[in-house]
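If you're matching them up, the sequences are chains A, B, C and D in order. Residue 153 is where the first sequence ends in the working numbering, and the numbering goes up by one at each step. Residue 153 is where the second sequence ends in the working numbering, and the numbering goes up by one at each step. Residue 153 is where the third sequence ends in the working numbering, and the numbering goes up by one at each step. Residue 153 is where the fourth sequence ends in the working numbering, and the numbering goes up by one at each step.
Think of the hints as simulated: they come from the structure by calculation, not from any bench. Model, not experiment: these values are computed from the prediction.
Chain copies aren't distinguished; within one or between two, either way the pair holds.
As a list, the in silico SDA-like pairs of lysine to any residue whose alpha-carbon atoms are at most 20 Å apart:
#, residue 1, residue 2
1, Lys133, Gly114
2, Lys36, Ala11
3, Lys133, Asp7
4, Lys133, Arg105
5, Lys100, Gly114
6, Lys133, Arg115
7, Lys36, Ala19
8, Lys9, Pro81
9, Lys36, Ala14
10, Lys100, Arg23
Number of protein chains: 4
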Amino acid sequence: MADLRFDPKDADFAVRVRASFDRQAVMRTIGASLTKVEPGVVWIELPWSEHLTQQHGFLHAGMVATALDSACGYAGFSLMPADAAVLTIEFKINLLAPAKGQRFRMVGEVIKPGRTVTVTEGRAYAIDEGREKLVATLQATLMAVVGRDGIQH
Amino acid sequence: MADLRFDPKDADFAVRVRASFDRQAVMRTIGASLTKVEPGVVWIELPWSEHLTQQHGFLHAGMVATALDSACGYAGFSLMPADAAVLTIEFKINLLAPAKGQRFRMVGEVIKPGRTVTVTEGRAYAIDEGREKLVATLQATLMAVVGRDGIQH
Amino acid sequence: MADLRFDPKDADFAVRVRASFDRQAVMRTIGASLTKVEPGVVWIELPWSEHLTQQHGFLHAGMVATALDSACGYAGFSLMPADAAVLTIEFKINLLAPAKGQRFRMVGEVIKPGRTVTVTEGRAYAIDEGREKLVATLQATLMAVVGRDGIQH
Amino acid sequence: MADLRFDPKDADFAVRVRASFDRQAVMRTIGASLTKVEPGVVWIELPWSEHLTQQHGFLHAGMVATALDSACGYAGFSLMPADAAVLTIEFKINLLAPAKGQRFRMVGEVIKPGRTVTVTEGRAYAIDEGREKLVATLQATLMAVVGRDGIQH
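Given these sequences and hints, build the entire structure.
So, in structure tokens, the structure goes:
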């Protein structure tokens, strides 16, 4: 992916990312956990669970998108100033293969940080009997929001 | 949106759509129900629920994407022959406003049906204290699959 | 499409759109002209020309994207204040059919205007021996920029 | 980007790619040339030219998209069998920075080849006074077509 290195604007970025993640009830619903938080890079992992499946018993594409969008969103958020909130403006996902596996790793990375707009890329990997397979790629455009009522990080 | 009229290839399309929907465990997890199934048009509705929220208490963008992708997928599936399964190749979503409301309506419509590739558009509406608001638009590209092992409708 | 009505912030929006369009040398290269400029709605039309074709003699998808992106960009620009410039952050295009015809009409419309971010939708029609056919749909996200060096409308 | 290695199905893939490229009149119009053709990887380069510019004198985003879509399309085409033609189903582009420079390099790579559907990624670089800058990323979904009237490679 990017192989870019970024300097965080807020030294406490990891605390801020983890606190926001913990406020997302849906992350508990899908069993997701944060497994890496570095400047511009966030991993989210989750196990397969029957209640997240589509008609063939694989992880539903929407669950892949949910976790991958969050990985990208927090990758972008990690580079924002301490008083900013992050909004996803749009994302696009290509589903390369069925999300078949026991565990899933969502890797979100910043491609281009910006004062207002940040562009990120994500890759979803299924781990199926020990073998890792790329199952989806996602591109998300984020906006940093400061001082808007009702929007907190 | 499209204002197009399509003839279904399979007269039992609605039975087929409902049976497939019922096999998606994730639709029960998010509390979604099918409220319209017409040739090339499918509506999916769901109530707000705390376990689907992001950090501000609104419906998580991934939940909007999950339900909207399914509405588009089933809109396309409704026009496919009886022996076809449907796969989402890719989708793109623009998040226009926070998904704030008590109920949500996801409208999926076929723009261009095809033997192999079908293109669809979706609109997500939040119903907040009786007022309806467009909160997201989605475009999904679907593929009809016939006779592939492990892929059923 | 949208069936939305918008009030322009700048009464001279049409003059501003036309002046900016005239500064795009590439619009002359592809033979494009502005055929409608209303608040939130812009049409761009161009004739088929051999020098814009792909290997089958149809209009190249990139030419469709170029004209459609501009139609959407100017639709958004028409609603921005007089001192703003417009940038396309991203766009996504679905190519529904070969761009086969003698003329092409690109219709750009605003779906959601915003102070910073505006979302638009576009449709490309080929006119082939008098019959009009939808050949592409596009979604573009725009940003209004005020007071940035080197960026003018 | 991908760091994937692919085996071409047709040993003469490079001849086939170059012949198709030469039939695209629009590539001459924009001054593009093929500078790398490897299995699953294609580069297209072009110089800045006044007739391709937008209102600020930079390369128009549509020209970036045109060349980058072609780089991705030919990257996919290089892995297809000898009797297949390639169609772009859809693409999505993020414009990261103005396309300001004297030359531009468009890098297209296959992420996931497939019998019917192939997914690719592209990166556009501007070379401005000797310095290279990433100015756009693109994702394109391609379809291999065999035996359809009027569609040739």
